[in-house]
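Q: So the chains spell out like this:
2 protein chains.
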Amino acid sequence: MTDATAIREIGADEFERAWSIFSTIIASGDTYSYPPDLSLAQARDMWTTAPARCFFAERGGDVLGIYTIRPNQIGLGDHVANGSYMVSPEARGMGIASAMCEHSLEQARRAGFTAMQFNIVVSTNRTAVRLWQKHGFTIVGTVPGAFRHATLGPTDIYVMHRYL
Amino acid sequence: MTDATAIREIGADEFERAWSIFSTIIASGDTYSYPPDLSLAQARDMWTTAPARCFFAERGGDVLGIYTIRPNQIGLGDHVANGSYMVSPEARGMGIASAMCEHSLEQARRAGFTAMQFNIVVSTNRTAVRLWQKHGFTIVGTVPGAFRHATLGPTDIYVMHRYL
Numbered sequence: 001m002t003d004a005t006a007i008r009e010i011g012a013d014e015f016e017r018a019w020s021i022f023s024t025i026i027a028s029g030d031t032y033s034y035p036p037d038l039s040l041a042q043a044r045d046m047w048t049t050a051p052a053r054c055f056f057a058e059r060g061g062d063v064l065g066i067y068t069i070r071p072n073q074i075g076l077g078d079h080v081a082n083g084s085y086m087v088s089p090e091a092r093g094m095g096i097a098s099a100m101c102e103h104s105l106e107q108a109r110r111a112g113f114t115a116m117q118f119n120i121v122v123s124t125n126r127t128a129v130r131l132w133q134k135h136g137f138t139i140v141g142t143v144p145g146a147f148r149h150a151t152l153g154p155t156d157i158y159v160m161h162r163y164l
Numbered sequence: 001m002t003d004a005t006a007i008r009e010i011g012a013d014e015f016e017r018a019w020s021i022f023s024t025i026i027a028s029g030d031t032y033s034y035p036p037d038l039s040l041a042q043a044r045d046m047w048t049t050a051p052a053r054c055f056f057a058e059r060g061g062d063v064l065g066i067y068t069i070r071p072n073q074i075g076l077g078d079h080v081a082n083g084s085y086m087v088s089p090e091a092r093g094m095g096i097a098s099a100m101c102e103h104s105l106e107q108a109r110r111a112g113f114t115a116m117q118f119n120i121v122v123s124t125n126r127t128a129v130r131l132w133q134k135h136g137f138t139i140v141g142t143v144p145g146a147f148r149h150a151t152l153g154p155t156d157i158y159v160m161h162r163y164l
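Residue numbers (the UniProt record's numbering), protein chains in the order written: chain A, 1 to 164; chain B, 1 to 164.
Just so you know, these hints were derived from the structure itself, not from any lab. One or more hints might be untrue.
No copy is singled out in the list; a pair is fine if it fits within one copy or between any two copies.
To be verified - The calculated SDA-like cross-link candidates involving lysine to any residue, where the alpha carbons are at most 25 angstroms apart (straight line), are:
id : residue 1 : residue 2
1  : Lys134    : Asp156
2  : Lys134    : Pro144
3  : Lys134    : Ala111
4  : Lys134    : Ser20
5  : Lys134    : Ser88
6  : Lys134    : Ala4
7  : Lys134    : Thr124
8  : Lys134    : Gln107
9  : Lys134    : Ser39
10 : Lys134    : Glu16
11 : Lys134    : Ile74
12 : Lys134    : Ser98
13 : Lys134    : Ala43
14 : Lys134    : Glu58
15 : Lys134    : Pro89
16 : Lys134    : Arg53
Here chain A stands alone, though its shape is the one from the complex (with noise of 0.2 angstroms):
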């Protein structure tokens, strides 16, 4: 990531403005399980709706990626955090993903948790698996076939895993 790259907090008025990454990524269907056709409403409500707070990784004025941290269970499950990011098809590989990742790290510390749990990373989105290994994330579950994937069919998802 640039310099000109910057990463802040935002409220469900301003979701909108990453809607078409949101939906062409699920609609892709490979790597979220979110139903294709899910609606912007339904989407915010999920991202930004308390307890799950939103951020956007911004360059020049264009929303380049964007991510939601959230307790992953509630009640005695909720020092554990959760994760979902999502980069711009046109702003791969500029590292926007990773630093989204280290600043969820960040963000995550900073609220109390102390750890980070992803339980749907799709095991065939292997530039995924092996940037949350980077970060210091370890498989720690494989549920077969837990995923339909558009072109392969049921697929196996990873249980990730790291202390914060």
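Could you slot chain B onto chain A? The hints should help.
A: Coordinates of chain B only, in the frame set by chain A:
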């Protein structure tokens, strides 16, 4: 389970009859991650609002157990069911959990699910782990310290899975 125990689906209007079981079990903070002070309204909403479905195991007019099944994820993961089960402390050792497990697997099959996944099996809950294994589940993941056990502190949780 004796022949006198019957399992049937219930609606939100009947959920309260299981509240003494539900509230007692979550108050102990050793098997469920729900906040120990979860309200009846919150519990009822999570266990009886579609797509969640809720079932009672009853004998002689008494509720001895309650379970719920629902899709484990929305969208491209909704072919995998999730189940949660509670047995009255007074009815332990009677095979109620086992009967509810078998019943839920059949209900999930009929509803078109192709697998069942448990996301948070507390590793110290050995009775449950052995029971699920007996019913065909395997441990597919171990998340370290993801459950704040009331007396044991941070405790590993298992992700368990079986095909239907």
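Q: Hints first: check each against the structure and report whether it holds.
A: So, going through the hints one by one against the coordinates:
1. Both within a single protomer and between protomers do Lys134 and Asp156 lie at most 25 angstroms apart by alpha-carbon distance, with minima of 21 angstroms and 24 angstroms respectively.
2. Proximity of Lys134 and Pro144 under a CA criterion of 25 angstroms is satisfied in both settings, with 24 angstroms inside one chain copy and 19 angstroms between copies.
3. In this assembly of identical chains, Lys134 and Ala111 lie within 25 angstroms of each other by CA distance solely inside one copy; the values are 23 angstroms within and 40 angstroms between copies.
4. Taking the shortest alpha-carbon separations for Lys134 and Ser20, neither the intra-copy value of 28 angstroms nor the inter-copy value of 47 angstroms comes in at or below 25 angstroms.
5. Within a single copy, Lys134 and Ser88 get their C-alpha atoms as close as 21 angstroms, which meets the 25 angstroms cut-off; across copies the closest is 46 angstroms, which misses it.
6. Only within a single protomer do Lys134 and Ala4 lie at most 25 angstroms apart by alpha-carbon distance; the minimum there is 23 angstroms, versus 57 angstroms between protomers.
7. Taking the closest pair of Cα atoms, Lys134 and Thr124 come within 25 angstroms of each other only inside a single copy of the chain (17 angstroms); across copies the shortest separation is 31 angstroms, beyond that limit.
8. Taking CA atoms no more than 25 angstroms apart as the test, Lys134 paired with Gln107 passes inside one copy only; the shortest distance there is 18 angstroms, against 42 angstroms between copies.
9. When the C-alpha separation of Lys134 and Ser39 is checked against a cutoff of 25 angstroms, the pair qualifies neither within a copy, at 33 angstroms, nor between copies, at 41 angstroms.
10. Taking identical chains as interchangeable, the C-alpha atoms of Lys134 and Glu16 are never at most 25 angstroms apart, the minima being 31 angstroms within one chain and 48 angstroms between chains.
11. Neither within a single protomer nor between protomers do Lys134 and Ile74 lie at most 25 angstroms apart by alpha-carbon distance, with minima of 28 angstroms and 29 angstroms respectively.
12. For the identical chains of this complex, Lys134 and Ser98 are intra-copy neighbours only, at 9 angstroms inside a copy versus 42 angstroms across copies, given an alpha-carbon limit of 25 angstroms.
13. Taking the shortest alpha-carbon separations for Lys134 and Ala43, neither the intra-copy value of 28 angstroms nor the inter-copy value of 39 angstroms comes in at or below 25 angstroms.
14. Taking the closest pair of Cα atoms, Lys134 and Glu58 come within 25 angstroms of each other only inside a single copy of the chain (23 angstroms); across copies the shortest separation is 52 angstroms, beyond that limit.
15. Taking CA atoms no more than 25 angstroms apart as the test, Lys134 paired with Pro89 passes inside one copy only; the shortest distance there is 21 angstroms, against 46 angstroms between copies.
16. In this assembly of identical chains, the alpha carbons of Lys134 and Arg53 lie at most 25 angstroms apart only when taken from the same copy (24 angstroms versus 41 angstroms across copies).
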